[in-house]
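Engineer: With these hints in hand, go ahead and build the complete structure from the sequences.
There are 2 protein chains.
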Amino acid sequence: MQRLEEKIRRDGVVKAGGVLKVDSFLNHQMDVAFFGELAQEFYRLFGGCGVTKILTIEASGIGIACITAQPFGVPVIFAKKTKTKNIAGEVYTSRVESFTHGVTYDIIVSKEFLRPEDRVLIIDDFLANGSALLGLSKLVKDAGATLIGAGIVIEKAFQTGGELVRSQGIRVESLARIAGMNETEGVTFVR
Amino acid sequence: MQRLEEKIRRDGVVKAGGVLKVDSFLNHQMDVAFFGELAQEFYRLFGGCGVTKILTIEASGIGIACITAQPFGVPVIFAKKTKTKNIAGEVYTSRVESFTHGVTYDIIVSKEFLRPEDRVLIIDDFLANGSALLGLSKLVKDAGATLIGAGIVIEKAFQTGGELVRSQGIRVESLARIAGMNETEGVTFVR
Numbered sequence: 000m001q002r003l004e005e006k007i008r009r010d011g012v013v014k015a016g017g018v019l020k021v022d023s024f025l026n027h028q029m030d031v032a033f034f035g036e037l038a039q040e041f042y043r044l045f046g047g048c049g050v051t052k053i054l055t056i057e058a059s060g061i062g063i064a065c066i067t068a069q070p071f072g073v074p075v076i077f078a079k080k081t082k083t084k085n086i087a088g089e090v091y092t093s094r095v096e097s098f099t100h101g102v103t104y105d106i107i108v109s110k111e112f113l114r115p116e117d118r119v120l121i122i123d124d125f126l127a128n129g130s131a132l133l134g135l136s137k138l139v140k141d142a143g144a145t146l147i148g149a150g151i152v153i154e155k156a157f158q159t160g161g162e163l164v165r166s167q168g169i170r171v172e173s174l175a176r177i178a179g180m181n182e183t184e185g186v187t188f189v190r
Numbered sequence: 000m001q002r003l004e005e006k007i008r009r010d011g012v013v014k015a016g017g018v019l020k021v022d023s024f025l026n027h028q029m030d031v032a033f034f035g036e037l038a039q040e041f042y043r044l045f046g047g048c049g050v051t052k053i054l055t056i057e058a059s060g061i062g063i064a065c066i067t068a069q070p071f072g073v074p075v076i077f078a079k080k081t082k083t084k085n086i087a088g089e090v091y092t093s094r095v096e097s098f099t100h101g102v103t104y105d106i107i108v109s110k111e112f113l114r115p116e117d118r119v120l121i122i123d124d125f126l127a128n129g130s131a132l133l134g135l136s137k138l139v140k141d142a143g144a145t146l147i148g149a150g151i152v153i154e155k156a157f158q159t160g161g162e163l164v165r166s167q168g169i170r171v172e173s174l175a176r177i178a179g180m181n182e183t184e185g186v187t188f189v190r
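Chain order of the listed sequences is H and R.
Going by numbering that gives the first Met the number 0, the letters in the first sequence line up with residues 0 to 190, in that order.
Going by numbering that gives the first Met the number 0, the letters in the second sequence line up with residues 0 to 190, in that order.
Warning: the hint list may mix true and false statements.
For lysine-lysine, the following DSS-like pairs were computed, each having C-alpha atoms within a straight-line distance of at most 27 Å [what the hints assert, rightly or not]:
no., chain 1, residue 1, chain 2, residue 2
1, R, LYS20, H, LYS140
2, H, LYS110, R, LYS20
3, H, LYS20, R, LYS20
4, R, LYS6, H, LYS110
5, R, LYS110, H, LYS6
6, R, LYS137, R, LYS110
7, R, LYS80, H, LYS80
8, H, LYS137, R, LYS6
9, R, LYS140, H, LYS80
10, R, LYS6, H, LYS14
11, H, LYS20, R, LYS80
12, R, LYS137, H, LYS20
13, R, LYS80, H, LYS14
14, R, LYS110, H, LYS110
15, H, LYS6, H, LYS20
16, R, LYS140, H, LYS20
17, H, LYS80, R, LYS14
18, H, LYS110, H, LYS14
By construction, these hints were calculated from the structure, which means they are not laboratory data.
A quick note: this is a predicted structure, and the numbers were derived from the prediction, not measured.
Structural biologist: This is the structure:
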């Protein structure tokens, strides 16, 4: 998506260790008007798939998931991160390893809100090592619901996550795919 | 707000220890279409105040803050919770005590995104002991920005937070104000 690539080039900052800071518009300050454009693009891609629910993960996925839910006319559920052991029976749970923060945590969703008849679209801000996306897709699978696919704002295509997730037959649509980046030359995109 | 009170009565569940579960529409599953109605109400209350930025706190404030930002046409910033000591200089920070989780944590906002010229509306899902709201208002004060007020979805008016925050001269508008609640009789509202 052209407009997103321009925005990443203009406002993104590449930090040491493969970290792309886009916190001026995506994951700290949030440009909600621009989110509306991203939402329309997700709707163009997945609007015909009978989505009944959007699933994301706290915290930075919540904003884009909520704005995306508007054209779809469906509710959002966000998986909660927790370090405590959870009561079996009431929640679906899976394990996620964070690329940015170097920690492992459990994510949970109440069984109440993810039903076998649901057709779920996952929305998240980043795809890097794929751990969050696989964790979320496990929740959908455990619920017996249908996973329509995943809509990602920025994919770090030079990491292995995208390939890993797609190799499991999951449809992944990323609005910007980064081929490479470094502190001096900035960001290049997959063509 | 009548529609919100009805929704709380119908879908809210009162748990032991003064906990109101509204996770079917507000803070786990999020009814984004309904958020649009809440946003219009916040806009009716604060639309004429020259708001330039909406400030909230992760995670459950983010959804309602983003939808509310739409009629205002402004960006959202969410304060991040952290347990690590932060680099002085780059962020504003304050301390918050969580009523629900019984823990204390620091919240931070990058100085970049909160400027002296900003006119800030705080949006959050709950007001209970007022700690989150006071922590957020301290960030605004430290930035030298103008605090327009706070828009809260549900205020537990039987706790001291609302009075505490209002006594500091902060305008607080809560769309539902709970007078009391218990497991057998449910929720009553301030009239």
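Engineer: Each of the hints needs a verdict: does it hold here or not?
Structural biologist: For each hint, the structure was consulted:
{"no.": "1", "hint": "LYS20(R) / LYS140(H)", "verdict": "holds, 26 Å"}
{"no.": "2", "hint": "LYS110(H) / LYS20(R)", "verdict": "holds, 15 Å"}
{"no.": "3", "hint": "LYS20(H) / LYS20(R)", "verdict": "violated, 35 Å"}
{"no.": "4", "hint": "LYS6(R) / LYS110(H)", "verdict": "holds, 21 Å"}
{"no.": "5", "hint": "LYS110(R) / LYS6(H)", "verdict": "holds, 21 Å"}
{"no.": "6", "hint": "LYS137(R) / LYS110(R)", "verdict": "holds, 13 Å"}
{"no.": "7", "hint": "LYS80(R) / LYS80(H)", "verdict": "holds, 13 Å"}
{"no.": "8", "hint": "LYS137(H) / LYS6(R)", "verdict": "violated, 31 Å"}
{"no.": "9", "hint": "LYS140(R) / LYS80(H)", "verdict": "violated, 30 Å"}
{"no.": "10", "hint": "LYS6(R) / LYS14(H)", "verdict": "violated, 45 Å"}
{"no.": "11", "hint": "LYS20(H) / LYS80(R)", "verdict": "holds, 18 Å"}
{"no.": "12", "hint": "LYS137(R) / LYS20(H)", "verdict": "holds, 26 Å"}
{"no.": "13", "hint": "LYS80(R) / LYS14(H)", "verdict": "holds, 22 Å"}
{"no.": "14", "hint": "LYS110(R) / LYS110(H)", "verdict": "violated, 39 Å"}
{"no.": "15", "hint": "LYS6(H) / LYS20(H)", "verdict": "holds, 12 Å"}
{"no.": "16", "hint": "LYS140(R) / LYS20(H)", "verdict": "holds, 26 Å"}
{"no.": "17", "hint": "LYS80(H) / LYS14(R)", "verdict": "holds, 22 Å"}
{"no.": "18", "hint": "LYS110(H) / LYS14(H)", "verdict": "violated, 39 Å"}
This entry does not satisfy hints 3, 8, 9, 10, 14 and 18, going by the numbered hints stated previously.
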